[in-house]
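> Here's the letter readout for the chains.
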Amino acid sequence: MFLQQLVNGLIIGGIYAMIAVGYTMIYGVIQLINFAHGEIYMLGAFFAVTFISFLGLPFFAAFLLSMICCAICGMFLDVLAYRPLRESPRLAALITAIGMSIFLQNLAMIIWGSRQKPFPHGSVPAYFGQIAVTFGGVNLSWFHIFIFSFTLVMMLGLHLTIKKTRWGKAMRAVAQNQTMAALVGINVNRVITYTFALAGALGGAAGILVGAYYNSLYPTMGYVAGVKAFAAAVLGGIGSVPGAMVGGVILGVAEALGAGYLSSLYRDGISYAVMIIVIILIPAGLFGKLIKETKKSM
Amino acid sequence: MGRLRIQQLSRGGKIRIGLLILVLILPLFPFISDYALHIAILIFMYMILALGLNIVPGFNGLLDLGYVGFYGIGAYTSGLLTIHFGLSYWLIIPIAFLNGALWGVLLGAPTLRLTGDYFAIVTFGFSELVVLFLTNEIWLTRGPLGLPGIAPPSIDLSWLGGPKWEFAGEVPYYYLAILMVLVTVFVMYRIQDSRLGRAWFAIRDDEIAAVSCGINLLHYKVIAFAISAAFGAVAGSFFARWVTFLSPDMFKFWESFLVLCMIVLGGMGNIWGVMVGAVVLVSLSEILREILPLLGLPVEVRFLVFGLIMVIMMRFRPAGLMPIPAVAAKMKAGQVKRKPAVATAGSKK
Chain E
444 MFLQQLVNGL IIGGIYAMIA VGYTMIYGVI QLINFAHGEI YMLGAFFAVT
494 FISFLGLPFF AAFLLSMICC AICGMFLDVL AYRPLRESPR LAALITAIGM
544 SIFLQNLAMI IWGSRQKPFP HGSVPAYFGQ IAVTFGGVNL SWFHIFIFSF
594 TLVMMLGLHL TIKKTRWGKA MRAVAQNQTM AALVGINVNR VITYTFALAG
644 ALGGAAGILV GAYYNSLYPT MGYVAGVKAF AAAVLGGIGS VPGAMVGGVI
694 LGVAEALGAG YLSSLYRDGI SYAVMIIVII LIPAGLFGKL IKETKKSM
Chain B
132 MGRLRIQQLS RGGKIRIGLL ILVLILPLFP FISDYALHIA ILIFMYMILA
182 LGLNIVPGFN GLLDLGYVGF YGIGAYTSGL LTIHFGLSYW LIIPIAFLNG
232 ALWGVLLGAP TLRLTGDYFA IVTFGFSELV VLFLTNEIWL TRGPLGLPGI
282 APPSIDLSWL GGPKWEFAGE VPYYYLAILM VLVTVFVMYR IQDSRLGRAW
332 FAIRDDEIAA VSCGINLLHY KVIAFAISAA FGAVAGSFFA RWVTFLSPDM
382 FKFWESFLVL CMIVLGGMGN IWGVMVGAVV LVSLSEILRE ILPLLGLPVE
432 VRFLVFGLIM VIMMRFRPAG LMPIPAVAAK MKAGQVKRKP AVATAGSKK
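Residue numbers (the numbering used here), protein chains in the order written: chain E, 444 to 741; chain B, 132 to 480.
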């Protein structure tokens, strides 16, 4: 029982981590909480279902295509909504982020309807539901293993991209100092837009995985997941990519165990409570540097 | 002189007094239906909410995403006290006010030392926790079943040998709501022109300068947050006694968003602008509620329009339709140079 909950927590935690790195990367480069990130996650799931049911694509093709679409959505979000506000005070950008989040959520409601939808029957590979491994009374399905390895590969890939590639270096430079980055010839706006694309692709993938895992998607699904992932990012220290990964896993496990042993009614509340407590007690999170209380104009 | 002379009033003042008289005699017109009065009361209630919220983003420059939490606390305070103890509404107003302020202090004191965006997300989490509490603590709130049968307010003069008169229909609520809006506006103007208000504006305009003038940031921010929360709770207490039914669904994030949208549209920090924002958005919301089903769309979709309004306002008129100069200067793109070199958490990966 305990182990099963732990495994469930790890799986969901990995998914939270994938969303959380999106928040953290965007916060890292432009110091903005991108509230609309949860909506990208939701769009990912809906895109996948649409590709499956209208284009008849197999699951993995739809998965990939949907990730690409989410990356493009992320770029559009940045170019249309946030780029014009680069020089504006932070309050303006935050309000825009909330506005975009609500806008996208309701756009999805218009396009796909507000009711819960399942994945089209038979679209998710059948062997996903089969038990792959059993140890100590814990059943692991192929889907568990797929989610787990996929998140692992993504996280590893992301880490290497940021640490080893030229583009990752540019991203780190922009996060440290935009003016200086621009001075040494980095196209700051392009780096920011690509960061949104990367965050969008990861968020979209997370959305598809959750949608297929619970076999239900609805336009407001991004709202709760977004806040939880944000809580994970805060827990890990916002701006820190490894922090977001660890934060996501911790939060997923805490939530699964809390729901299993304390009260399943407050499942969502656990994340909010963790977030509030972390913000109050250790605002820098587990891996973040201490945020200096500087003047954050409006 | 002290005596009010019409000739001495400015043009704006005349317009305002004229508007007030028009609003006061509105229910006397035969073509004003109960539905119209209902919308008017809704507008007044949102005015109180918007004026209350305005203190935090408008006067202090902080984003509060959890305002509906205090509104919900006020509403359930009012509803539960009425059902279980039969308290008079006139007693409940101060209780709701104090309860809202209490929660404002409890939440604000530890979190207002944080930077703005952390504060925003904490308030958001708080309001979600309030909804979860209202949904799950069935012994107290009856959870999703809702809290029905809250008695309407009454004016009881029996202790003077007078009559007892219970509110029925929309008209008494209409006048009560107007009274509450007038009191709120009065309080807001007095605060705005007081030492407290000036301290807030100083914080909004430049925190470092404010600190150097000896303003205790945390102290003033907590006061702002508490007063704002208190007004939210008062609006909630009115709402409970007016609709006589409460359910946790009424206090979801949408409401916070709607009130915030009113402020953004009207002009942050501008008392009149915020009230205009309430009028425009409640009316728009009702119009869309009529139109959307005709187009075969769910009514929730009206928030698409509100979301778009917010994005467009921030892009083109960030200080709102009725901007006040200080905010307008502040919100103008390019005015604020962010210091990228400052060691924020994002500075190192």
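Some hints here could point you the wrong way.
[Unchecked claim] Listed below are several chain B residues computed to face chain E (Cβ distance under 8 Å; list not exhaustive):
id : residue
1  : L157
2  : L245
3  : D248
4  : N267
5  : G300
6  : P303
7  : P424
8  : L428
9  : P449
[Stated by the list, open to error] Derived list of chain B stretches under chain E, where covered just means 3 residues or more per stretch with a C-beta under 8 Å from a C-beta of chain E:
id : stretch
10 : 184 to 194
11 : 250 to 257
These are computed hints drawn from the structure, not numbers from a lab. Glycine included, C-beta positions come from ideal geometry on N, C-alpha and C.
> Each of the hints needs a verdict: does it hold here or not?
Tested hints:
At about 32 Å, the closest approach between the beta carbon of L157 (chain B) and any beta carbon in chain E exceeds 8 Å, and the interface hint on this residue is violated. Checking L245 (chain B) against chain E by beta carbon gives a least distance of about 6 Å; that is within 8 Å, so the hint holds. Hint status for D248 (chain B) relative to chain E: holds, with the closest Cβ pair at about 5 Å, below 8 Å. For N267 (chain B), the interface hint holds, the least distance from its beta-carbon to any beta-carbon of chain E being 4 Å, beneath 8 Å.
The restraint placing G300 (chain B) at the interface with chain E is violated, with a minimum CB-CB distance near 34 Å, outside the 8 Å limit. For P303 (chain B), the interface hint is violated, the least distance from its beta-carbon to any beta-carbon of chain E being 35 Å, above 8 Å. Interface restraint check for P424 (chain B): the shortest CB-CB distance to chain E comes to about 13 Å, outside 8 Å, so the restraint is violated. Look at L428 (chain B): its Cβ gets to within about 6 Å of chain E, closer than 8 Å, so that hint holds up.
The criterion of a C-beta within 8 Å of any C-beta in chain E is met by P449 (chain B), whose closest approach is roughly 5 Å, and the hint holds. Using a Cβ-Cβ cut-off of 8 Å, 3 residues of the stretch 184 to 194 of chain B lie near chain E, which meets the minimum of three, so the contact claim holds. By the rule of at least three residues with a Cβ nearer than 8 Å to a Cβ of chain E, the coverage given for the stretch 250 to 257 of chain B holds, with 6 such residues.
Of the numbered hints stated above, those contradicted by the structure are hints 1, 5, 6 and 7, listed in ascending order.
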